[in-house]
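**Student:** Chains as they are written, first to last, in this note's numbering: chain W, 1 to 240; chain B, 1 to 238; chain F, 1 to 477.
Wrong hints could be hidden among the right ones.
To be verified - To give a feel for the contact side, a few chain W residues facing chain F, derived at Cβ under 7 angstroms:
id, residue
1, Ile16
2, Pro32
3, Tyr33
4, Ala75
5, Ala76
6, Leu107
7, Glu110
8, Ser113
9, Thr152
10, Thr164
11, Val223
12, Gly228
These are computed hints drawn from the structure, not numbers from a lab.
Predicted model only: the values in this text are computed from it and were never measured.
For glycine and all other residues, C-beta sits at the position ideal for the given N, C-alpha and C.
Each chain, letter by letter, is given below.
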Amino acid sequence: MTAGTIHHRDKFLQTIAKKLGREQRKTGVTRPYWKHQPQWSVFKGYSQDDLVEAFKSQCSRIHTDVVETTANQLAAALKQVVSNYGGGPVVTWDDPRFAEYGLFSLLQEEWPSEKIDVHVWNASIGQKNIECAEKANVGITFSDITLAESGTVVLFSSSGKGRTVSFLPQTYVAIVPKSTIVPRMTQAAAFIHERIEKGEQISSCINFITGPSNSADIEMNLVVGVHGPMKATYIIVKDR
Amino acid sequence: MKVTLFATCLVDLFHTNVGKATVELLERLGCEIEFPEAQTCCGQPAYNSGYVKEAKEAMKHMIRTFENAQYIVTPSGSCATMFKEYPHIFKGDSEWEPRAKALADKTYELTQFIVDVLKIEDARAKLKGRATYHTSCHMTRLLGVKDAPMKLLKNVEGLEFVPLPNAHNCCGFGGTFSVKMGPISEQMVDEKVHHIEEVGAEYLIGADCGCLMNIGGRIARQGKPIKVMHIAEVLNSR
Amino acid sequence: MAMKIGTGEFKERVDKGIHNSFMRSAVAEAQDRLRTRRLEAAEELGNWEEWRTLGEEIRKHTLENLDYYLWQLSENVAKRGGHVFFAQTAEEANEYIRDVVVKKNAKKIVKSKSMVTEEINLNPVLEAAGCEVIETDLGEYILQIDDHDPPSHIVAPALHKNKEQIRDVFKAKLDYKKTENPEELALHARHTLRQAYLTADVGITGCNFAIAESGSITLVTNEGNADLVTSLPKTQITVMGMERIVPTFEEMEVLVSLLTRSTVGQKLTSYITVLTGPREQGDVDGPEEFHLVIVDNGRSNILGTEFQSVLQCIRCAACVNVCPVYRHIGGHSYGSIYSGPIGAVLSPLLGGYDDYKELPYASTLCAACTEACPVKIPLHELLHKHRQVIVEREGKAPISEKLAMKAFGLGAASSVLYKLGSKMAPSAMNPFTANNRISNGPGPLKAWTETREFPAPGKERFRDWFHNRQKGGEHQS
């Protein structure tokens, strides 16, 4: 990583301080305790099952299909979803959870034997990954955090977890471990904020994805599938 | 109960009947009406046009005029709102801010006074026909009086009430806006009249003479068979 | 495109807007739909007022400590290997961006929707440097290929165009042979733009919210175009208005929730992307180089003034979507890329009263905007403040109005003068009166009576009636 640079900062910030009628502040500001925090009351006291129900009901409003399954049935369920989307090529993250959830043989054996192309993200081959993602019919990732209220999957990028797996393919499938479901964005933001406070480095790209891409720019008509995926499915899986 | 009437300049000059109805109605509901002769205008025309200095002179005059009142009642949501704004306008003025606040605290729009102070929701009025109601912006949004007129109208015998589509949109009056931005104002009032017609109302009722003058003026120009009434006149019909 | 758009006087622009029947029905329909969706979304939360209060508190605190948070932001961006450029003016911002682009030897640039890059007029600068600049937000793309038609709404820039017009533009400018079906149009754009993302050298974005604690930027879209703009090109340049910042992820979250609900009634949009610095070691996608350009361009002049609260704006357009004036005149009438109530407040502050002196008067002060604003900007009060400034400080009010208001001040402050004036009114109006109404009034009444009847002043004023009644001692009921 090259070192960053900062240009023309002093005068700029001094101007602001002057307009605010005080000396420039570089330290000593603490975020106040906000008097109202209504964000924490959404789905307060919900059980994990309640959250699953809320999540599912929201998905019906965001043009996203939901499949519920168990860890044992996950491979079959995923196979069915991909087949419904017209099969491969498939692109996935390089994520240990695929193995943990018993999807290894589907990716490495079953699909290839059925002539379904599978590309698992591979940082060592660089740009080639993007070409694969661009040609793929289905992109598959796990959800890192899942938001019940909005029907959102949260993805943290890393070298094995390419950003474009969820944008470039024609369709997108997110595997949602039930335990990742939280009430809303508040919990995800608090989680990330804590990591920052602890001095940890956050992912260069954190994506909050809510259903397929869409636009209402032409006469306010909703068109589903614009730049990103045309369709999306979430597979909720009971944890192992 | 002694009520000091702030008639408003529009009522004093143009809509005399609204003033009469207000007096008769309040008397029938048990109030004794006082009308300070020195009253003029709340200052809104100048204030809203940006002439704050000129407006403040009118405001001070009104504060002096109404200082001894117990309850100030006015048949205008917008002018009541203006009185309520006075403390904000005189903020930091050690002499006038407290006096403005005292004035604001005892000011009521007519329907608000009847429902909240007199605790009356049935004014025992009768009016036969199909009516809709124009929610004026200042009264609804700034004064926060939404339910009082509805409660009172619901109890008017013989009145068939129909809600007005897009009631939340301004009628296009806006004081000097109506002449400064005539063409825009025309489009706004046209849409309003269209909605009033659309629901087949025989009566358009409102609680602000400014809006009613605007909507009524357009209705009259177009020769539409819709009668425009201030809510005081409706509640005074028997 | 700079902030100022269109030509002609305000009155001419309004006239054009009023006579554009397609635009007006599109705007009215959009307003009605978006208003309902916004109210439903607020209703669903149940405690919307608390949310608004929180939003306001966050924005106020951030503005009061803006220098601190920008300091923190820039430190954190640099820590992650990004480059931060503070631009006092549009020219400084454009010059820096052009230098980066030239250094990268870039030929093709993809952009996701950004109002601030419109404001600083970036595209022509890049085009002059020999680059092809492609807008990727569908609405912006449509406007761009239609010979740079200006946006008429800060969130839905092509709201004023119907699908037939869009089809014709596609036919004339692209190799398009299909119908006006929005899905077919969007699909065509998808294919064209997909190639652009894949071959672009530089991606340029705006910024919904920068996050000081981590040096991140947040992008909010439904189309996902910002994601492709920031994933594929090797260089990313993000341009932000200096006030578009929050302290931490937790405040970003609250403001995003307010933004998406207020704009379109969505709980979240399809894509909310938080980017921190360039790609990390081992990453395959994402930019190798990240530049953040923080733009003042007149904003600091608003700080510390009675207009400071306008900088709380999160560009949700809720005020535009409820404005009864915007409803009838559309966005182009404002002569600024910032239209509606927020535009009427902001444009004179950023662009001066010479160009925008009419905008504060293009409002009935009905306060629908103030009521809708998710961060509680008192928009109608700020419009009123502008009027006060125009009258008192700028001296731009017409003489006749000044005299009239002076007379008003005297008259309304004196019961003697008021009584005299009001007594004379009926006879003064006599020549214009027929059937108790005035149909062709003089002076300021002329504008009124062009479209409406005006009531003639009563022969008996209310006060006379009341006085006589008291004197007679009668109390009829």
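**Student:** With reference to the structure, classify each hint as holding or not holding.
**Tutor:** Comparing the hints with the structure gives:
1. Ile16: Because about 4 angstroms separates W:Ile16 from the closest Cβ in chain F, which is inside the 7 angstroms limit, the hint holds.
2. Pro32: Holds, about 6 angstroms.
3. Tyr33: At about 10 angstroms, which exceeds the 7 angstroms cut-off, the nearest Cβ of chain F leaves the hint on W:Tyr33 violated.
4. Ala75: 27 angstroms, violated
5. Ala76: 28 angstroms, violated
6. Leu107: Since the shortest Cβ distance to chain F is 19 angstroms, the answer is violated.
7. Glu110: 26 angstroms, violated
8. Ser113: This hint is violated: W:Ser113 lies away from chain F, its Cβ roughly 28 angstroms from the closest one there, beyond 7 angstroms.
9. Thr152: Holds: closest Cβ of chain F sits about 6 angstroms from W:Thr152, inside 7 angstroms.
10. Thr164: 5 angstroms, holds
11. Val223: Check passed: Cβ of W:Val223 comes within 4 angstroms of chain F, closer than 7 angstroms.
12. Gly228: 3 angstroms, holds
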